[in-house]
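> Given next are the chains, with one letter for each unit.
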Amino acid sequence: MPDMFTLVLQIAVILAVCRMVGSLFRLLHQPRVVGEMFAGILLGPSLLGWLAPHVSAYLFPPSSLGFLSALSQMGVVIFMFLVGLGINPNELKDQGHAAVLTSHVSITAPFVLASFLSLYLYPKLSDNSVSFTNFALFMGAAMSITAFPVLARILTERNASGSRLGTLALACAAVDDVTGWCILAYIVALIRAAKSPTPILMTLGGIVLFAVVMIYGVRRQLRRFENTYRKRGALNEGQMAFMLLVVLASALCTEALGIHLLFGAFLMGAIMPKENRFVRYVLDRFETITVTMLLPLFFASTGLRTNVGLLVGREMWLYCGLIILVATLGKLGGSMLASWLAGMQLKEAAGLGILMNTRGLMELVILNIGLDVKVISPALFSMMVLMALVTTFMTTPLLELVCPIRGTAQEPTTAAVTLAQLGMKPVNGSSA
Amino acid sequence: MGIFSSANRNFVIAYVLLVALPLLGLAGVLRSGRGLVAPISVDGVWKFGADGANLPAGRCGKSLASLQDSLVSISQSGKYLVVSLKNGPPAAGSGVIDGTTLNATIPLPDISASEPGCGGDTMLALRATVTAKAESRSMQGTISVNECPTCSTMSYQAVRQTRSDRSRAH
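Protein sequence lines, in the order shown, are assigned to chains A and Z. The first sequence begins at 1 in the working numbering and counts up one residue at a time. The second sequence begins at 1 in the working numbering and counts up one residue at a time.
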């Protein structure tokens, strides 16, 4: 049984610190989510544990962290469902060659550069329980991800989600995330299969079969939710509970198949009906508890695993700098080059590259999976978390400097609406 | 008339240069990386036991003897280690592994506070040789009080706990 006093105290402290730091970051014109990510780090061994180890030990005793982590994982399961919900394949069509080229290069460039960097980092930051292939593939997937929600949030704030740059960025980010998650699923399956009696081919076959059943079978049944919403303008509690149940069932299936809970939740969101109002409705119902309570717990949980103190000496900081440099060069540089070659103006191409370099929360989700399956070490995890923070933090000021896009108020795309809300603020609402 | 329009041709060329060729490069990197050697894995929880019947009797001897059957947690990042006593003080020690040689410092167990001449900022020095057989790991070496030549030294051996060992312990 959890010590309820400790658990409730932890939740209260985390929420208070996340709200405070999030508000401070709003003053710096940063999305609140960036502040909350930062707050998580402050609560961990990097600051609180370093400045006041006894307070930290009282507030976050090791025996209590399992409950906090379980709660936060529930939040991420729902979050991934909502991210999947925001991905609308219809809005990705008709983007032309520019989108295809840019999205593919924005994956391959950071992926390949990360694998080159892995040649240098593997002997220094990994151990022989991890194969080089798994290490390099994970680094590639982690560096090629884009934080779809934060990106949409930034675009919506600028009324630019309907602009050419905005739609292209959202389309590319969606392709990147789907591809990144597929690669990650493959890596996790490989790693777990090595420790499981089930042959890898059976695991992969099971995953493909599950995806086919979901896309061609379950997807049709999910239209009933949309039909009910259309007729009644709302879903009753029983229907909402059933929707949550199917998300959890899908998450359990992917976990049982040897990948991870989050893949199932993401896939269920991706195959949900995409009618604009329905998506907004579902999002509104899930958003409050997820965004205001469960995600801050995830940030704190990540922060408690992040220890900047592990970066001892110049050598470790050099590795960290290299990671940030390679991640930025691959993502920002790759996207910029591809979109420029595809006919975009240089400034606009730079803007797209900057937007694509936003990693945010999605990166943290991936890194936590990597640490769980032990494909990355604690020090590398901390470096990658810093990379996620730096690349997300730099987006807004860089964009303002290089390509200060400002659109006119217009009806944003489904993805933009959904993910802007996930990015902690309603599209037309007040400050979150 | 060619099959491709000029725009399509440019797209194909750009795609080959920016996507297909880098993917070939990735295949090359994965192939060449297979030969790389990373430090031996020592990450996990280790159960310590004194080697032989000679438990230390000198200064800090009680503290060293208390490590008998204790669990030590090692968190590894490449050659760098963070070493802490399970159920011990919140502070952790650090270390490195070089080949099969492990050198680390760990904080004194809580019992040291009651032992004269022990406690405070004193750390224990751990030196060991790691033996690896497939997934299983063991090590053999000495634990002494750091920077105290007159203090006790204890020979020990340790075995890395498997997941089932740890669940049995609970």
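Hints in this document: simulated from the structure, not taken from any laboratory. Honestly, I wouldn't trust all of these hints.
Stated by the list, open to error - Keeping only pairs whose Cα atoms sit at most 25 Å apart, straight-line, the calculated DMTMM-like set for lysine to aspartate or glutamate is:
1) K195/A - E135/Z
2) K374/A - E135/Z
3) K124/A - D43/Z
4) K374/A - E147/Z
5) K79/Z - E237/A
6) K274/A - E237/A
7) K47/Z - E237/A
> Determine for every hint whether it applies to the structure shown.
Each hint, compared with the structure:
Proximity of K195/A to E135/Z is assessed by CA-CA distance (about 11 Å); at most 25 Å being required, the pair is judged to hold. The straight-line distance between the Cα atoms of K374/A and E135/Z is roughly 14 Å, inside the 25 Å bound, and the hint therefore holds. Taking the CA atoms of K124/A and D43/Z, the gap is near 15 Å; set against the 25 Å cutoff, the hint holds. For a cut-off of 25 Å, the pair hint linking K374/A to E147/Z is broken: about 35 Å separates their Cα positions.
Distance check on the hinted pair: K79/Z and E237/A sit about 54 Å apart at the alpha-carbon level, beyond 25 Å; violated. Restraint check: the Cα-Cα separation between K274/A and E237/A comes to about 21 Å, which is no more than 25 Å; the hinted pair holds. Between the alpha carbons of K47/Z and E237/A the distance comes to roughly 52 Å, so the proposed pair goes past 25 Å and is violated.
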